[in-house]
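If you're matching them up, the sequences are chains A and B in order.
The opening position of the first sequence corresponds to residue 1 in the working numbering, with each subsequent residue numbered one higher.
The opening position of the second sequence corresponds to residue 1 in the working numbering, with each subsequent residue numbered one higher.
Please note that the accuracy of each hint is not assured.
[What the hints assert, rightly or not] For the chain B half of the interface with chain A, some residues (derived, Cβ under 7 Å), not all of them:
| # | residue |
| --- | --- |
| 1 | Ala65 |
| 2 | Val116 |
| 3 | Ser231 |
| 4 | Ser237 |
[As the list claims (entries may be wrong)] Dumping the calculated DMTMM-like pairs for lysine to aspartate or glutamate here, alpha-carbon to alpha-carbon at most 20 Å:
| # | chain 1 | residue 1 | chain 2 | residue 2 |
| --- | --- | --- | --- | --- |
| 5 | A | Lys124 | A | Asp322 |
| 6 | A | Lys55 | B | Glu170 |
| 7 | A | Lys284 | B | Asp57 |
| 8 | B | Lys233 | A | Glu100 |
| 9 | B | Lys233 | A | Glu426 |
| 10 | A | Lys284 | B | Asp220 |
| 11 | A | Lys174 | A | Asp374 |
| 12 | A | Lys139 | A | Asp253 |
Honestly, the hints are just simulated from the structure, not real lab data.
Even for Gly, the Cβ is constructed at its ideal location relative to N, Cα and C.
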Amino acid sequence: MARSLEIRGARVFLAAIVLALLGAQALAAQAKPIELNYWYAYSGVVQETNETLIKNFNETVGKQKGIHVTGATQGTYSDVQQKVQAATIAGNPPNVFVLEMGVTGMLGMNGITEQLDSRVAADKFDLSDFQQALVKSCKYDGKLYGLPFMPSNLILYMNTTLLKQAGLDPAGPKTWDDFARYCKTIKEKTGLYGLTLASNIWFLEGILLESGTSVLSDDEKSTNINTKMAYDAVKFFRDLKDAGYIRIMASADSAKLMSDVTNQKAGMWFYTTAGITTFMGMGKNAGFSVNTAFMPKQVSYGTSAGGSNIVISSKGTKQEKDAAWEFLKWVTATEQTVFVSSKTGYMPSRKTAIESPTMKALYTALPQFKVAIDQMAYADGRPMNPAYTEASFVITSALDAVWVNGQNIEKEFAEAQKAVDKLLRE
Amino acid sequence: MIRARHAIPLTGRLLVSLLIFLVYFVPFYWMALTAIKSKGEMLQFPPTFWTAHPSWDNFAAAFGAFPFWKYLWNSILVSGSIILCQIFTVVPAAYAFARYRFKGSGIFFGLTLASVMIPPQLVFLPVFLLMNRFGLINHYASLILPQAASAFGIFMLRQTFRQVPEEVLEAARMDKASELSIITRIMIPIAMPTISALGLITFIGTWNDYFWPLVLTTSDAVRTLPVGVASLKLLDSGISIPYNVVMAGNLILIIPVLLIYLIAQQRITKAFTYMGEK
């Protein structure tokens with residue numbers, strides 16, 4: 001009798017200890033911060049910037065709200081996207097990651113990223129301060145899937161040292177006719193190319209916008225490349241090439257553009273605004289000055305916006321997604337946008353950021369940085385149709401054929417249109 | 001008279017040797033040269049074959065761009081572990097295929113051979129999902145386990161083991177030697193050249209492996225050196241590739257391989273010499 005009491009007592013005692021331990025663990029778990037994983041792209045300055053952002057978040061909002069973010073670089077934008085897709089299938093994707101603008105719609109549609117409209121509404125988050133073309137690039141089918149993070153657009157770069165040698169105004173050409181004249185003059189006065197260009201879809205998007213059309217139709221179910229406006233745009237550059245005034249390379253040879261610029265083989269080139277620091281550094285080393293300008297005007301000014309958005313994974317607990325949303329809001333706030341832009345050369349995504357004292361001082365010292373901002377008024381978002389990535393390969397091949405191999409424009413683009421429309425409608 | 005007849009062949013041989021030497025040497029020379037060029041000079045066209053102002057900063061930049069020592073240690077650990085695992089799987093398997101006749105041995109060997117032909121990119125997703133199911137993504141285990149056995153190694157070692165005369169093994173068995181001591185005291189010493197060659201091939205393959213560590217790791221914790229060196233391409237956010245820094249990183253990457261090759265070189269030459277003999 002006494003023994004069974006002892007045994008029962010021992011059991012109760014044991015149970016009490018176990019419960020106490022479990023309770024303590026539960027309490028400890030509540031006190032632990034929510035851990036978030038954030039995947040970004042590239043190393044160098046962009047990596048440093050991201051790591052500083054993460055550190056600052058963890059020490060401010062993170063501490064207040066019990067959130068801790070850990071970042072990791074995964075390679076290029078393409079690497080990040082592929083790894084995220086694999087991780088999502090496996091069931092353990094990162095909570096927050098960056099996506100190139102052109103694929104934000106595709107991943108949203110495929111349910112890999114979280115839709116943000118309800119959160120924006122609940123927090124009364126003001127989207128109007130963002131550049132509207134950038135917000136458009138975060139939407140698919142009218143739904144918001146991310147926030148603009150490191151945006152850029154295509155601008156015209158000029159080697160003003162060469163331009164001055166040719167007796168041209170270093171402010172640059174304003175219209176396509178000016179541009180043709182510049183190319184001709186540079187070639188005749190210096191023997192060098194007026195323009196070096198590697199055919200690419202982003203550039204085509206820009207020149208089509210300037211020609212009064214766009215690469216895809218408004219409903220993005222068909223392409224406009226098989227129209228007279230597109231032929232004329234493409235033919236304009238081909239004529240300059242045939243006259244020997246400019247150099248056009250195939251899309252696969254885009255690395256040669258850097259060589260042309262460093263070796264001062266060409267007076268002008270089109271490139272992303274994110275390259276300003278690189279080109280100005282090149283100029284300093286090789287002894288030439290660099291200026292930037294809008295893409296020259298045809299029917300209108302125009303350029304295609306690019307760069308990256310920041311998004312939330314659709315997988316994860318409600319707590320994790322809420323925490324991720326806090327991070328997203330903070331990292332795209334004005335102060336952070338100014339920091340990112342001044343460090344990396346990407347544009348500020350917010351209008352108030354552009355007006356900030358830091359950026360204003362930068363623009364006064366280096367007006368080259370301001371061109372992309374001003375050009376945003378004429379920018380359009382990149383197409384969002386999920387099949388566009390695949391379609392752009394078809395279009396780029398046709399462009400290579402026309403610009404580099406001298407094939408017939410109408411024929412190539414008609415064939416490309418058939419293939420592209422089929423892809424877009426699937 | 002005799003000299004004249006041999007003169008042309010000798011010059012011809014020298015020329016061919018020189019040509020082959022250049023074909024192999026020039027890329028390494030170019031890599032080393034680019035590693036000490038400045039960014040401006042590296043993009044120069046026409047390219048220069050010598051540099052007047054060597055820039056040693058590229059090495060510092062390569063070291064500083066990613067956690068170099070950590071990646072180096074991970075590479076050593078992963079390569080070493082894989083080689084160790086392969087010894088424990090390949091030797092017994094090759095011995096069994098070489099000296100035993102058991103039910104299904106033909107089928108199993110056939111399967112082993114067939115697996116050599118499957119490209120890693122094809123199995124990447126199933127392996128990734130499997131590793132993920134065990135929670136091993138971003139752990140050393142996921143880098144080591146998929147390569148813990150080598151079908152190619154089994155094949156090569158089986159050939160070598162088959163050449164050991166049966167009498168030697170019978171004599172050992174009559175002396176009451178266990179199968180394990182037969183393997184360790186007779187087979188392995190005889191097959192040492194082949195095993196060294198296999199070890200070196202595996203080391204080179206796993207040391208330079210970029211695909212599996214890229215796919216199976218998501219943070220710096222267990223990443224290996226090739227992933228780090230590849231990330232040097234992205235230092236300028238994809239705007240322009242700093243080839244000079246990338247080449248500096250590559251030089252650092254290949255030094256261990258060159259060293260180990262120099263050490264193991266003699267054994268490998270012996271291995272390929274003895275393969276055909278008894």
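- Item | 20 Å Cα cutoff - pair lysine 139 of chain A, aspartate 253 of chain A | Not OK: lysine 139 of chain A and aspartate 253 of chain A at ~32 Å, beyond 20 Å, violated.
- Pairwise hint evaluation, aspartate 374 of chain A against lysine 174 of chain A, where the allowed Cα distance is 20 Å at most: holds, 14 Å
- Does aspartate 220 of chain B lie within 20 Å of lysine 284 of chain A when you go C-alpha to C-alpha? Cα-Cα ~35 Å, so violated.
- Query: Are lysine 124 of chain A and aspartate 322 of chain A close enough, with their CA atoms no more than 20 Å apart?
  - Reply: This hinted pair holds, its Cα atoms lying about 15 Å apart.
- Holds or violated: is there a CB of chain A closer than 7 Å to the CB of alanine 65 of chain B? The hint holds - alanine 65 of chain B has a Cβ within 7 Å of chain A, the shortest such distance being about 6 Å.
- Query: Going straight from one Cα to the other, do lysine 233 of chain B and glutamate 100 of chain A come out at no more than 20 Å?
  - Reply: Distance of about 18 Å is within 20 Å: holds.
- Query: When you check the alpha-carbon spacing of lysine 55 of chain A and glutamate 170 of chain B, does it fall within 20 Å?
  - Reply: violated, 69 Å
- Query: Hey, lysine 233 of chain B versus glutamate 426 of chain A, does the alpha-carbon distance stay inside 20 Å?
  - Reply: violated, 36 Å
- Answer holds if the nearest beta-carbon of chain A is closer than 7 Å to that of valine 116 of chain B; otherwise answer violated. At 25 Å from the nearest chain A Cβ, valine 116 of chain B fails the 7 Å test, so the hint is violated.
- Are the Cα positions of lysine 284 of chain A and aspartate 57 of chain B separated by 20 Å at most? Holds: lysine 284 of chain A and aspartate 57 of chain B sit about 18 Å apart, inside 20 Å.
- Against chain A, run the beta carbon of serine 237 of chain B and see if the smallest gap drops under 7 Å. holds, 5 Å
- Message: Quick check on serine 231 of chain B please, does its C-beta sit within 7 Å of some C-beta on chain A?
- Response: holds, 5 Å
In summary, the structure is inconsistent with hints 2, 6, 9, 10, 12 from the numbered list given earlier, while agreeing with the others.
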